[in-house]
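Chains A and B, in that order, give the protein sequences. With the working numbering as the guide, the letters of the first sequence map in order to residues 69 to 260. With the working numbering as the guide, the letters of the second sequence map in order to residues 5 to 220.
Hints are not guaranteed to be accurate.
[Unchecked claim] Here are the simulated distance ranges between beta carbons:
(1) B:29 <-> A:196: 47 to 53 Å
(2) B:55 <-> A:233: 26 to 32 Å
(3) A:237 <-> B:7: 22 to 28 Å
(4) A:190 <-> B:11: 32 to 38 Å
The set of hints was computed from the structure by calculation and includes no laboratory data. Glycine residues also receive a C-beta, built at the ideal position from the N, C-alpha and C atoms.
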Amino acid sequence: MDPAQVDIDLMSRVAQGEESAFPQLVERHKTRVFQLAWRFLGERTEAEDVAQEVFVKIYQVRTSWQPSAKFTTWLFAITRNTCLKILERRRPMVSLDANVRSGDETFGRQLADANMPTPAEKAFKDEEAALVRAAIDGLPAQQRMAVLLSRFEEMSYDEIALQLQTTPKAVKSMLHRAKVDLKKKLRNFLCI
Amino acid sequence: MNTCPAQEELLEFLDNDLSPQDNVRIQAHVEGCARCRAELAAFRLSWQMLDKDVAPVLGPGFTDAVMSRLRQEDFPISKQLKNRLGPVLWLSLGAFMLTGILIVVGLSGRQNIEASLRPAVEPSRQEEARQALPLEAMEPENSFDELPLPEVAEPAPVMMPVPIPVAPVVLPFLAQTDSDREIIEDLDLFEKMEMVQKMELLKDIDAVEVMEEIAS
Ligand SMILES: [Zn+2]
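Construct all of the structure, not just a fragment, from the sequences and the given hints.
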């Protein structure tokens, strides 16, 4: 069955009071929600909180849910909003230079590397990952979200525009600016 | 060699976003221009390099944690209202009960005063009145209000149930928790506002009934 239809069926059951359908929905989408939040916020605990909050909100408003849009459109809209709230909350506490992150946070990330790398390889990979993270972190919030939705969720300009409540043209220009910025920041690591 | 295209055009070329003519033009240029080829490669590779930002994996207990939070928090609308308005509801209830107690205390105080005054007024006039009036008209207020009362210490005031101003407190309280209500919570908020208003109404009706009961 079409995954979008599976979501609609599950959410309809939840909306009708079938609580047991909800864990299935959570299971289907928890990783995407969490990873989007993590990439956007760069902090694991906050990303987990966001993911929980998103599913709690969905459950709270289950009875007013209408299957008029894709479930994931709704899901990502709530994820984005929840992430932005976290950013607003922590704004006074963080450095204005978004590139500056604590070493622990940047280097403490798990690298999905099944083969045991040599220390030199690991150091290189860590550095590479940290550089990418810093480059993503350095993008303005709206651009950052556009990049994540395009790169990791493979959304079209139209879909991103819906999420960011803007026009596809604005999304295109946002992504182009982000790509120029990323290229500039990552260039030294590229083997060209 | 013609001039190099702007970065914007190179990005549109990468996205297959150019008209067929422009596409051919850029393609021809790139084939003869190392600098533009390097630029295109840099755009492509830096975009691919984002994959290095490997996100962690959620722990296995996540879904259970969500479900247990839902069970703890209990989310039927009435419970949501209770959760959000908890402190306000309890305050309102407390204030309302206090009002009730004060009414009762105030009235019993007044009755005690009246009772203590009975022997002080002329018993014969009371007796006359009792005989002259039918039984149902024998309300203490009717008989005593006409009588001159001696100077006594001011009786405990009878408290009127003033409507408790819950609405102005409650509504901003709700609004400030709903910064993303445009997406999901409009309906929710409306329902709650309606319930608060209904509660106010019920409380007022209750108060009137209590007063009527006491008065009769
Ligand atoms: Zn060129």
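Now for the hints, and whether the structure bears them out:
no. : hint                       : verdict
1   : B:29 <-> A:196: 47 to 53 Å : violated (36 Å)
2   : B:55 <-> A:233: 26 to 32 Å : holds (28 Å)
3   : A:237 <-> B:7: 22 to 28 Å  : holds (26 Å)
4   : A:190 <-> B:11: 32 to 38 Å : holds (34 Å)
Of the numbered hints stated above, the single one contradicted by the structure is hint 1.
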